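Peer 1: Please build the complex by placing chain U on the supplied structure of chain Z, with the hints as guidance.
Residue numbers (the working numbering), protein chains in the order written: chain Z, 212 to 439; chain U, 451 to 605.
There's no promise every hint is true.
[As the list claims (entries may be wrong)] A few chain U residues facing chain Z, derived, Cβ under 8 Å:
| hint | residue |
| --- | --- |
| 1 | L467 |
| 2 | L468 |
| 3 | L500 |
[Said to hold, decoys possible] Computed list of chain U residues with no C-beta within reach of chain Z, every gap over 12 Å:
| hint | residue |
| --- | --- |
| 4 | L494 |
| 5 | A495 |
| 6 | A499 |
| 7 | A530 |
| 8 | A578 |
| 9 | G585 |
By construction, these hints were calculated from the structure, which means they are not laboratory data. All values reported here derive from a predicted model rather than from experimental measurement. Just so you know, even glycine gets a beta-carbon here, dropped at the ideal spot from N, CA and C.
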Amino acid sequence: MTTSQPRPLATDSRPVSRDAAQLRTNDLERALAEKTTLLHEVDHRVKNNLQLISSLLLLQARRADDPTVKRALRSAQSRVNAVAIAHRRLFQGADPGLFDVSDCVRDMVGDAIGTSGRGDINVRLDLERADLPASQAAPLALLLGELLGNVIRHAFGVGEPGQLSVSTTTEDHFVRIEIADNGVGLSATESIAGFGGTIVKLMCRQLHAECETVDANPGVRSVIRLPL
Amino acid sequence: MTIHTPMSVLIVEDEVLLATELGFLVQEAGCRDVGHAMSSGEALALTGALHPDLVLVDVHLSDGPTGIDVTRRIVNDCHAVALFMTANVLRLPADFAGACGVIGKPYSEHVVRAALRYLEIALRTGMAPGLPPVGLQLAPAWAVRWGLAEMPLSA
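Same shape as in the complex, but just chain Z (with noise of 0.2 Å):
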């Protein structure tokens, strides 16, 4: 696609005429929607690229026979997934540039829910909207889907109901996200350990956030302090 080239203005002091300034008017408004075109295709492009890569790590894992090989593409496969759900709400609202912090959470809780099976946990939801850079989508969507993650697998046991509460509230320079649950407990329970442990050390990194996980008796309660 080529873009034209907007008509330069007179540089002396002459005033433009109103017939320029209408031509020069129409070339800008041209070039404005090559991009706003382009910009779209590829949004779109990105879009069908994840659920390219989320099926073909899919489909390999149900090929895979080997338990410990399944886990790993199941694994890495959920956070493609992630990464997705921070891409399928980009480009939806009126500023292209910021993501909705409340509905990246909503997604990820009700994804993260619906994977796992577990309909016996009661969720809870308090959100306040709070607008990000878009850029912060897919570290934010990564970081939130270890923590829910490690609740799920960790926090019930199997056929024990519970509850996850989640809330986003704005404070002066933060958004704060808090991650609760009535189970176990972390003193019963691990601390993300591993790859996961990792990914929300490096997520927090980047996205100059703080995120503490203590002892909630009962359960386990996680912030996350975003700057706004």
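Peer 2: Just chain U, lined up with the frame of chain Z:
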């Protein structure tokens, strides 16, 4: 418990890997994966031959951005129910070309399973079993038809 005939689903998608994985998801959701089409011509031929309960349609097919036009023909000429699955949700016409709704790409396994369960009940009973699940957006005309006129069309 009444046993219902599984809902038959035709997949219209030019990315073959994506269609293959979607076929597995359709089966896991308790539906029958009856066929895959890559172009608008194949989509019309298979819809006419197989009479699926639901046709999942991407906007971009192997013969170009023909998904919207082919959906109109699937709905008007073949009298089938169509659902868009596309990354271009904002480009869909206001009337959804007669389709019952859209799932935005990239979708997750959970979104597809939840949407298929929801649509199976809505198509069988003629009533929506509550608000649509996250990830599924209903076309305004279908929301009215399924008794959701006064409510938001997506969660």
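Peer 1: If a hint holds in the structure, say so; if it does not, say that too.
Peer 2: Here is how each hint holds up against the structure:
1. L467: holds, 5 Å
2. L468: Cβ of L468 of chain U sits 5 Å from chain Z, so the hint holds.
3. L500: violated, 23 Å
4. L494: L494 of chain U clear of chain Z: closest Cβ-Cβ about 23 Å, beyond 12 Å.
5. A495: With a cut-off of 12 Å, A495 of chain U remains clear of chain Z, as the shortest Cβ separation is near 25 Å.
6. A499: Since the minimum Cβ distance to chain Z is about 26 Å, A499 of chain U lies beyond 12 Å and the statement holds.
7. A530: holds, 24 Å
8. A578: holds, 18 Å
9. G585: violated, 8 Å
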